[in-house]
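2 protein chains.
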Amino acid sequence: MQGRQHISAQFAAELDGIRSAVMEMGGKVERQIMLASEGLESRDSGPAEEAIAIDRDINRMEVEIDEQCALILARRQPAAGDLRLIISIIKLTTDLERIGDEASRVARLVIKLASAGGADPIYLHTAKVARHVSSMLREALDAFARMSVSAAVRVVLSDKEIDEDYRNGLFKLTSAMQQRPEQVEKLLDHMWALRSLERIGDHATNIAEQVVYLTRGVDIRHLGNERLENLLD
Amino acid sequence: MQGRQHISAQFAAELDGIRSAVMEMGGKVERQIMLASEGLESRDSGPAEEAIAIDRDINRMEVEIDEQCALILARRQPAAGDLRLIISIIKLTTDLERIGDEASRVARLVIKLASAGGADPIYLHTAKVARHVSSMLREALDAFARMSVSAAVRVVLSDKEIDEDYRNGLFKLTSAMQQRPEQVEKLLDHMWALRSLERIGDHATNIAEQVVYLTRGVDIRHLGNERLENLLD
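Residue numbers (the numbering used here), protein chains in the order written: chain X, 688 to 920; chain P, 688 to 920.
Some hints could be false.
Which copy? The list can't say, so a pair holds if one copy fits it or any two copies do.
Derived DSS-like pairs (lysine-lysine); straight-line CA-CA distance at most 25 angstroms [stated by the list, open to error]: (1) K815 x K847; (2) K847 x K859; (3) K815 x K799; (4) K715 x K778; (5) K799 x K847; (6) K799 x K859; (7) K815 x K715; (8) K873 x K815; (9) K873 x K859.
To be clear, the hints were calculated from the coordinates, so they are not data collected in a lab.
Chain X on its own, in the form it takes in the complex (with noise of 0.2 angstroms):
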């Protein structure tokens, strides 16, 4: 019995490992996005440099904790809720990594229109829809960690502002290319940014949904505000 108990605090304690890679690679992904916004905002490649760099930190924390998941299953063989969220992480990780393609690609656009010049309200506009989305990735992980519901379902209710944000921004940038067609390059690294950002509150939604998942075993993708809401605590 000593065994077994001295084996489960083994396993539990390799778990939290597991958490806590996922935490720390999270921070990381935040973090870029954090420094592609203050490079949108002081029109500075330095930051967006930066987060470029940390891109390879991200593609190998998804290896190394994937690894971590086949490990613990092969050696721990956990039962159903443990497996779950193994299955879980395995899912987190892929979301987390394509999340840290996004602003790479984000970061790789704002040192192109920091050359670019210009002092558009859309720097803003866009640094703020990196603001935002990197907040609610924090919300998204904050809800893994605690295995909220309540806090992952208010994720995915606010990617629906994001979506509004961005749906805002391109009516903008639409407008201003058919102004100022000569505009129209620079108009459109706008606009992959945004669509980038967009895509990381759709990953960030995927995490919440996947808490969700875990906790409720309900599948919340294609429900309605109102059915959400009700989820709510």
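Given chain X, work out where chain P should sit, using these hints.
Chain P alone, transformed into the frame defined by chain X:
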């Protein structure tokens, strides 16, 4: 011993069942892309509507396959090789589901563009990219079914052609926007469709990369062409 053989035959049958389910899911996603492509060629919204309808099946299949993977992990406690395969399948269903989302996005744009009319050669360019991407996905799934490193590497290399097609398309669309600012909205819809197709190529590449990782244990996500070609038979 007979009991063990019996179990291992059952286990093999279960793994085969999951593999077939993945191939079936992949087939549906491929069909979605082909339908979107037909819609672009014929400027008809019928096939696009069919593509959107398939998306529900795809979302359901992702959940089902993941459940099957969880069951097999819980019941069979598979060893190293099979364990890795199951982890890969869990990543793979995520990619297939995201491809389905992108294909639905393209289909929705096809419906919008079908009503916009016009006879730009860009429709045919986009349809060509869609066909290319669809066959790339088929090859990625085929590489997965046969666990063929060469086939997988060819998929990764062909993604570079898709990126090229994508950039050419973007270049043409950007020039068209500058020359015909009154058509910016329609041209942007083409751009989004192209972007979604390019993303589908990325997801197919992820699937192929998983195949190489499964069979060789090598992470090829950040290798150059030359080192990739060394992996070909």
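Structure-based check of each hint:
For a Cα distance limit of 25 angstroms, the shortest separation of K815 from K847 inside one copy, 15 angstroms, qualifies, whereas the shortest one across copies, 33 angstroms, does not. Within a single copy, K847 and K859 get their C-alpha atoms as close as 19 angstroms, which meets the 25 angstroms cut-off; across copies the closest is 33 angstroms, which misses it. Taking identical chains as interchangeable, the C-alpha atoms of K815 and K799 lie at most 25 angstroms apart only when both belong to the same chain, with a minimum of 19 angstroms there against 30 angstroms between chains. When the C-alpha separation of K715 and K778 is checked against a cutoff of 25 angstroms, the pair qualifies both within a copy, at 17 angstroms, and between copies, at 21 angstroms.
Taking the closest pair of Cα atoms, K799 and K847 come within 25 angstroms of each other only across two copies (22 angstroms); inside a single copy the shortest separation is 29 angstroms, beyond that limit. Within a single copy, K799 and K859 get their C-alpha atoms as close as 20 angstroms, and across copies as close as 20 angstroms, so both meet the 25 angstroms cut-off. For the identical chains of this complex, K815 and K715 are intra-copy neighbours only, at 19 angstroms inside a copy versus 39 angstroms across copies, given an alpha-carbon limit of 25 angstroms. For the homomeric pair K873 and K815, the shortest alpha-carbon distance inside one copy (18 angstroms) is at most 25 angstroms, but the shortest distance between copies (27 angstroms) is not.
Taking identical chains as interchangeable, the C-alpha atoms of K873 and K859 lie at most 25 angstroms apart whether they share a chain (13 angstroms) or sit on different chains (16 angstroms).
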